[in-house]
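Asker: Chain residues, written in single-letter form:
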Amino acid sequence: MEKWRRTSQHLLRYSSGNYLRLGKYPNFNDPIPNSSSGFIRICEKCSSTKIRPSIEHQKNVQICLNSLRGYIGNFQLSIHRNVDNQSYKMQHRNFGSTTKLIQRNPSFATVSAEDIKHFKEILGEKSVIEDEDRLSIANVDWMNKYKGSSKLLLQPRSSDEVSRILKYCNSRRLAVVPQGGNTGLVGGSVPVFDEVIINLGSMNSIISFDEVSGILVCEAGCILENLDSFLANKGFIMPLDLGAKGSCQIGGNVSTNAGGLRFVRYGSLHGNILGLEAVLANGTVLDMLSTLCKDNTGYDLKQLFIGSEGSLGIVTKVSILTPPKLSSTNLAFLACNDYISCQKLLLEAKRKLGEVLSAFEFLDNQSMDMVLTHLEGVRNPIPPSEYNFYVLIETTGSDESYDREKLEAFLLSSMEGGLISDGVVAQDMNQASSFWRIREGITEAVMKAGAVYKYDLSLPVEKMYQIVEEMRLRLGPAAKVLGYGHLGDANLHLNISTSQYDDNVFAQIEPFVYEWTSGNRGSISAEHGLGLMKANEIHYSKSSETVQLMASIKKLFDSNGILNPYKVLPQSLLP
Amino acid sequence: MKIMVAVKRVIDYAVKIRVKSDKTGVEMNNIKMSMNPFCEIALEEALRIKESGLASEVIAVSMGSNQCVDTLRTGLAMGADRAIHVDTTSTLYPLSVAKILKALIDIEKPGLLILGKQAIDDDCNQTGQMVAGLLKWPQGTFASKVVVDKEKQVARVDREVDGGLETLCLDLPAVITTDLRLNQPRYATLPNIMKAKSKVIKKVTPAELNVEIKSDLELVQVTEPPKRKGGVIVSSVDELINKLKNEAHVI
Chain A
1 MEKWRRTSQH
11 LLRYSSGNYL
21 RLGKYPNFND
31 PIPNSSSGFI
41 RICEKCSSTK
51 IRPSIEHQKN
61 VQICLNSLRG
71 YIGNFQLSIH
81 RNVDNQSYKM
91 QHRNFGSTTK
101 LIQRNPSFAT
111 VSAEDIKHFK
121 EILGEKSVIE
131 DEDRLSIANV
141 DWMNKYKGSS
151 KLLLQPRSSD
161 EVSRILKYCN
171 SRRLAVVPQG
181 GNTGLVGGSV
191 PVFDEVIINL
201 GSMNSIISFD
211 EVSGILVCEA
221 GCILENLDSF
231 LANKGFIMPL
241 DLGAKGSCQI
251 GGNVSTNAGG
261 LRFVRYGSLH
271 GNILGLEAVL
281 ANGTVLDMLS
291 TLCKDNTGYD
301 LKQLFIGSEG
311 SLGIVTKVSI
321 LTPPKLSSTN
331 LAFLACNDYI
341 SCQKLLLEAK
351 RKLGEVLSAF
361 EFLDNQSMDM
371 VLTHLEGVRN
381 PIPPSEYNFY
391 VLIETTGSDE
401 SYDREKLEAF
411 LLSSMEGGLI
421 SDGVVAQDMN
431 QASSFWRIRE
441 GITEAVMKAG
451 AVYKYDLSLP
461 VEKMYQIVEE
471 MRLRLGPAAK
481 VLGYGHLGDA
491 NLHLNISTSQ
501 YDDNVFAQIE
511 PFVYEWTSGN
521 RGSISAEHGL
531 GLMKANEIHY
541 SKSSETVQLM
551 ASIKKLFDSN
561 GILNPYKVLP
571 QSLLP
Chain B
1 MKIMVAVKRV
11 IDYAVKIRVK
21 SDKTGVEMNN
31 IKMSMNPFCE
41 IALEEALRIK
51 ESGLASEVIA
61 VSMGSNQCVD
71 TLRTGLAMGA
81 DRAIHVDTTS
91 TLYPLSVAKI
101 LKALIDIEKP
111 GLLILGKQAI
121 DDDCNQTGQM
131 VAGLLKWPQG
141 TFASKVVVDK
151 EKQVARVDRE
161 VDGGLETLCL
171 DLPAVITTDL
181 RLNQPRYATL
191 PNIMKAKSKV
201 IKKVTPAELN
211 VEIKSDLELV
221 QVTEPPKRKG
231 GVIVSSVDEL
241 INKLKNEAHV
251 I
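Chains A and B are the protein sequences, given in the same order.
Per full-length UniProt numbering, the first sequence starts with residue 1, numbered consecutively.
Per full-length UniProt numbering, the second sequence starts with residue 1, numbered consecutively.
In isolation and in its complexed conformation, chain A is listed as follows (with noise of 0.2 Å):
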C-alpha cells in the first residue's frame, strides 16, 4: 500500500517538478519523447560538426532560439568568429528579440591554459570542469532554447573561492555567467558565447535555522525542495513554491525574483528575503546577510540583487523568513462562463476568504483542451460541458473544518449568485494534486503540441484578457493562443502555440504584443526576468532615464561588464 500511496503521490503531485528534473541529466531526451528530443540531436550534431575551435581556428557560436519539436535548425544564429582577423559573420533566420544582432563582445578575453591553472590552484582539480559532456549540459537552459559554447565550468565551494575567482575573472577580463539550477525561462542562466560558467551548486549547506521566529540562513547553491523538506519537518515552508523546484537553487530564485504560487499569500522576495551575500565583480563579498526583520540603516542595497539576474554581482548566501506550515489546506476547481466573472470571483474571494486564501489561479478553455489532449491521465474534473475559464481557488489555514465550512460557504454563494456556473471541491490529496496536475501541466503539454511562443505579462487585471482575444483575431486559425496564469497577482502567461516556427506568426506576435503590454502600462515580464530574450526590449516597461540610471549602477557594479553580459540591459548601454 505504501508504495501505491507514494507512486500516486509521485505522479500526480511531482510530475511536473519531475519533468524539469529529467532536463538536467545527459540522457533527458529519452524520458521525454515528445518534445525537444529531436532538436537537440540535431543542434548537437552541427556544433559537433563546426565546432573544432582549437584545430581549425574558428569559432563557433549558436543561439538555438525556441529549439521544440518542428523547430528543427529554422532559427539557427550562427556566429563564426576567424581568430586572424577578429571578424563576425553571421548567419541567422530573424527571429525578433533575440535574434538582433549580438556580438562576442571584443574586449573580453578567451579561457586560456594559464587561467585554467590558475583556476585549478583555487578550486583543486574536481572544481575546474572541462568535460565536454558536462558542459554540454552547463551550456543549454532546460527548454534547449539557448545555447552557449562555454569551454569552463567552475564549482566553487564557498564565498571566498567565489570572490577569488571573481577577482580573478575581473582583472584578466573574463566574462562569466552565474548558474544555479538552470531551470530559467529566458536565457539568463547559460552563456551565450564562451562565458565562464560559476555553478554554484555545490554551496548547499544550511547554515542556521530559528525555530521561533523561522529565518532560515543558507548558501545560493540549496534546491528549492530540500530546503522545502528541511523546513517542512521544522514546521515551517518556504514563501515561494514552483514548477521547478526540485531543481531550482534559491540564488536563482532570489537572482531572479521568482514569483510562483505562494506569491498571492505569501508576497514577493523583496518582502521574505531579510539578507544576502553577495560577491561583486571585482570580488569584494558583501555581507548584507542580516537576520532582523526591520532595518533601516541606509540604501537597502540587498534588493538590488533581487531580481537582477545575476548582473550586478554573485548571490553566495540568503536569509530568509520562512511562514510556519499551516495544517489544512482545500482546494477547488471551478468554471466559469466569462472573464468578468473571474475578476468578480477574485474581489469577492479576496473579501471573503481574505486570511486563507492562498492561490488564486485561471485558465482558459482553449489552456485546458491543450492539457486534455497532450497529457496523459488528466481528466476534466468538470464534465461534459465545456466552459470558457477555469479557476482555482486554494485556502490555506489552521482548522480544516473551519476553512472548509468556510470555503464552502463561499463557493455555494458564488455559485447562487452566478458568478461560479460549476465546480468540484477536491475531497482529499490525490484530487487535488490533480487540479493542480491541470493548471501545472500547461507548460508541458504546450511543450509537446510543438512550437511555443511565451510571454510573461502583467497587466491590469480586468484588461489582461483583453491581449488573449485580441492575438487571437490577429493570429486566425494559424495559431492556438492560450491564457492562463496567477489572476490574483494580475499575471498573464500568454502561450503561443503552433505546429512549427513560423517567421509570419512571429511577425505577427512581436512587437505588437510588448507594444500592447506597454501601451496598458503592464510589464513585459512579471517574473521570468528579462535574461537574453527581452534584454533589448527593457525600454517597453521602463522609461529611458530609469534604464540610463540601471546601466549607471551596472557600471559602478561591474567597471568591465564581466557579469553575465548580454543580458538584462541592452547592450548599446553599456561599456
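Heads up, some of the hints might be wrong.
[To be verified] Computed cross-link-like contacts, PhoX-like style, restricted to lysine-lysine with a CA-CA straight-line distance of at most 25 Å:
1. K234(A) to K23(B)
2. K167(A) to K555(A)
3. K227(B) to K234(A)
4. K454(A) to K542(A)
5. K20(B) to K325(A)
6. K406(A) to K32(B)
7. K352(A) to K197(B)
8. K325(A) to K152(B)
9. K16(B) to K234(A)
10. K120(A) to K167(A)
11. K195(B) to K406(A)
12. K234(A) to K20(B)
[Stated by the list, open to error] Computed Cβ-Cβ distance ranges for the label pairs, DEER-style:
13. K243(B) to K126(A): 17 to 27 Å
14. D216(B) to G271(A): 50 to 60 Å
15. K126(A) to R18(B): 33 to 43 Å
16. L347(A) to N210(B): 53 to 63 Å
17. E462(A) to L165(B): 49 to 59 Å
18. E224(B) to D369(A): 58 to 68 Å
Rather than coming from a laboratory, the hints here were simulated on the basis of the structure.
As the structure is a prediction and not an experimental result, all values here were calculated from the model.
Backbone N, C-alpha and C fix where the C-beta goes; we use that ideal spot for every residue, glycine too.
Assemble the complex: chain A is given as a structure, and chain B must be docked to it using the hints.
Answerer: For chain B alone, coordinates are given in the frame of chain A:
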C-alpha cells in the same frame, strides 16, 4: 434494492507517515484525514449501480470518532442518499467492525454490501470476508468488474487473479470488496455538496446495536522501516566482487 457501503476515515495517502517516538502508533495530530481510497471506489460502484436503475438507495456507513461525519459528508457529496455514523472512541478491529456491519444490515436489509478490499492505514483486508461469514452471504473479493442482474438476483464479479481473470456469480444478497482498477471515483461537485447538506446522518452507538467492542489483539509496538543506507562507489571489479561476497552475501 438498497446498497450499503462502508467508508473508513484514514490518514490521507499522500501524507508522509511519522511513527510516534514512544512507538505506540503513528502521529495523528494535525494530519490530513481523508476517505480510504478503496472505500471511495466502493462508493463509486454503488452509485453507478444505482444510476443504472438497479438500486433504489445508497447508504454510507462509517465508524469511529465524531470526525467520521466529515468523511460521511464527502460520501453524501459524491451522491450517497443517507449515512449512518456509529459513534465510538474505542479502537476498532476488523471483527468488531464486521459485527457492527452485521447488526446494521439486520436493520437496513440491503441487497448488497460493498467495501474497499482493505484500508490503507492498517492494511488488514479482513472486514469484508468476516462480515460475509457472519451473515453467511456469498462474497466476491478484489472485484475489478461488477455486473448486477436484477431479474436473476445475481451479481457477476470479475477478480484479478494470478495469470488472468476469475469470474464469480453471486446470489444476492452478497458482499463485494473492491480492488483498485474497478472504477475511477467521481469528484464532489458544488451542486452535490449543496444537496449533501440537507441529507441525514443518523448516529448510533455500538451498545444500541448490541455489539460489544473487544479485541483479542494487543498492539506491541509500531516501528519505522529501516532507513536506506547510502550507496558507495567501488573503484574496481575486484572490490565489487569482494563486497558482494563478504558484505552483501549474495554471491
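Asker: Next step is simple, just say for each hint if it's right about the structure.
Answerer: The hints, checked one at a time:
1. K234(A) to K23(B): Roughly 20 Å separates the two Cα atoms, so the pair holds.
2. K167(A) to K555(A): 16 Å, holds
3. K227(B) to K234(A): 20 Å, holds
4. K454(A) to K542(A): 21 Å, holds
5. K20(B) to K325(A): 20 Å, holds
6. K406(A) to K32(B): 17 Å, holds
7. K352(A) to K197(B): 20 Å, holds
8. K325(A) to K152(B): 56 Å, violated
9. K16(B) to K234(A): Distance of about 14 Å is within 25 Å: holds.
10. K120(A) to K167(A): Distance ~15 Å between K120(A) and K167(A) Cα, so the pair holds.
11. K195(B) to K406(A): 17 Å, holds
12. K234(A) to K20(B): 16 Å, holds
13. K243(B) to K126(A): 17 to 27 Å: 24 Å, holds
14. D216(B) to G271(A): 50 to 60 Å: With a Cβ separation near 59 Å, D216(B) and G271(A) satisfy 50 to 60 Å, so the hint holds.
15. K126(A) to R18(B): 33 to 43 Å: At 38 Å between Cβs, range holds.
16. L347(A) to N210(B): 53 to 63 Å: Holds, since L347(A) and N210(B) (Cβ atoms, about 56 Å apart) stay within the stated range.
17. E462(A) to L165(B): 49 to 59 Å: Once the Cβ atoms are compared, 57 Å apart, the range 49 to 59 Å for L165(B) and E462(A) holds.
18. E224(B) to D369(A): 58 to 68 Å: 45 Å, violated
Of the numbered hints listed earlier, those contradicted by the structure are 8 and 18.
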